[in-house]
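*Asks:* Residues per chain are reported as follows:
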Amino acid sequence: MTHTSALVLKVISGGCNYGFDIMERTGLQSGTVYPILRRLEDSGLILARWEPQAAQQLQRPQRRYYKLTRAGERTLVKAALRYPLLQNLTAGEDKR
Amino acid sequence: MNRRAIEPYLLARCLIRAAAWIVPSRSRADWQREWMAELHYARRTLREEGRELGLGSRLIGFALGAFQDAAWHRTHTWSGEHIERTVARGTESASFCLFAIGMILAVITVTSGFLPRTRAALLRLPYTDPDRIATVAQGDTTLAVRSGIRDEWVRWWRTDSHLIEGAATYFWSDKTVDRRSTRVATVSPDFFSLLGARTAEKRRFASNSFENCSDCVVLSYDFWRKAYDGKAPASILVDGTRFRVIAVLNKEFWFLTRRIGVWEIRLDTVNHNAKTGVVIRLRPDVTDAQARAELVSIVQAQGVNPWSSLIVISSLSTRVRAVFWSFALALVLAIGTILPAVRVNFAPRSTGGAVRALFFCSKTGLLLVAVLLAGLEFTRAPSITMLGGTDLATEPFSTWLFLLGCMGTLTWSIYDQRHRCRVCLRRFGLAAQVGCRGCVFLSWAGTEMVCLEGHGMLRVPERVSSWQRPDQWMSLDDSLVELFTQDR
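Read top to bottom, the protein sequences are chains A and B. Note that our numbering numbers the first sequence so that position 86 is 86, with each residue one more than the last. Note that our numbering numbers the second sequence so that position 315 is 315, with each residue one more than the last.
Source of the hints: derived by calculation from the structure; they are not laboratory data. Cβ coordinates follow ideal geometry from the N, Cα and C atoms, glycine included. Errors might be hidden in some of the hints.
As the list claims (entries may be wrong) - Simulated DEER-style distance windows between Cβ atoms:
#, chain 1, residue 1, chain 2, residue 2, range
1, A, ALA80, B, ALA88, 29 to 37 Å
2, B, MET103, A, PRO61, 45 to 53 Å
3, A, ARG49, B, CYS14, 24 to 32 Å
4, A, GLN29, B, HIS76, 34 to 42 Å
5, A, TRP50, B, ALA100, 20 to 28 Å
6, A, ARG70, B, PRO24, 26 to 34 Å
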């Protein structure tokens, strides 16, 4: 688990649940964030799902939301031990 | 809505659409939907938060990230198995087969230096009226053994013959030229004028070009370029003797072999015992047989016994192209050997029958061309001996080589054609052994192969019997196609 991946996991656990939001919180570029999301999803650490309502109902495009799986939560705990500063980096964001 | 914000937004959407082509087709729609939605929210969020400044560049920057994500999608699916499957599917197609054969032809063309021998054999010989140029050797066609002509015979022919315009002598051997071993031809002064050869400056040799020129040489174009970098030396050292260089031959000029680098001019000093190669120019409308009869009669008139006076006249153009007859003979033999064993199933009315036939003809034709070119360029098949005859060491070998090449080509081509789908011409896959080897009548053992596009399957029996067709093609109906599309 790289530091960047751990950071993305951390912000998802903090409530950021879609790509652009994660970009905003982490300050990472879209070309970095989305491939990380794919990798984490492939590894079973996060789960992606489409907004249940149809786009016509919402009057806007459907979003794809991400949330941590149990494996993702366990991995985040281990990542926090490995990257202690991660807590500080996102602490402010968590409180928001 | 701000017009300045719309344009980058549209550009960003276009970028995402372009990046979507990189994503594998099965996940492309979902991928594009997510990116379009994210772009929409990115624009809305930035505008709501009052971050209008640089909004366009931020949106485009955001969309450019889609290419990285798309590339990840594409490369992520490139597992070893996927690559193997993609390559395997690609190599099964008919177009790949033709492409591969085309590549073989390209490799032969490039490695041979753009087919110099083939061009030499096919193009018009670089002489004036080349069809009237012929070599003369002592011997008989039935013996297939030739020897050189005596110098004095050439002198008699020059003075007494009415059917030839001239006769020039030549012979060659390997010598050291300026510390470089090369083939040096020794020719009579009228050699180049008889052939109608030209210099590199396109100047034609005259019959008196070498008068009083006892120490003159002419260089071949290729030798001049390789040995002297295109700078003509005033003189060269041939086996320790210095010669003056008086001309460089035209780039296209060659005579019997392209390996001759230096042409040494020998002034006519008749040596009764010496034997040389002889090249003659026939008068217009004179046949080889007429010239032969006259030259023999001239020699016999000088008291030479009939058996010793037998000569062979070989037209140079015919001799140069004899290799193609050798190939044609090999091809006919190969067809005669292989075709009787093939049961051709003519189905002219079947759908795609013409396409299959066209594919078979193209594939076989291209491969035969490859065999011919390889034989011409990489063997000594087109080699002609100094006396204009057949090289007894190389010609039988090259004929066998052509024969084996043609047989191999035809065998493979027929085998390949049989193992291709009757509809899409893809090679079959998923070969499976079926049946019980012991149960001869009830369960005939064989191999079943399936078209991976789902068009049908081929059953090839293990042993071909007289009452059973060798191959059985079974078309699959459209209901099964879905099974195969899942595998793509």
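*Asks:* Give a verdict on every hint.
*Replies:* Do the hints match the structure? See the list:
As the Cβ distance of A/ALA80 to B/ALA88 is approximately 46 Å, the hint placing it in 29 to 37 Å is violated. Judged by the Cβ atoms, the range 45 to 53 Å given for B/MET103 and A/PRO61 holds: they are separated by roughly 47 Å. For the pair A/ARG49 and B/CYS14, the beta carbons lie near 28 Å from each other, so the given range of 24 to 32 Å is met. At about 19 Å, the beta-carbon gap between A/GLN29 and B/HIS76 misses the expected band of 34 to 42 Å.
Our hint of 20 to 28 Å for A/TRP50 and B/ALA100 is violated, since their Cβ atoms are close to 45 Å apart. In this structure the hint that A/ARG70 and B/PRO24 lie 26 to 34 Å apart at CB holds, the actual value being about 29 Å.
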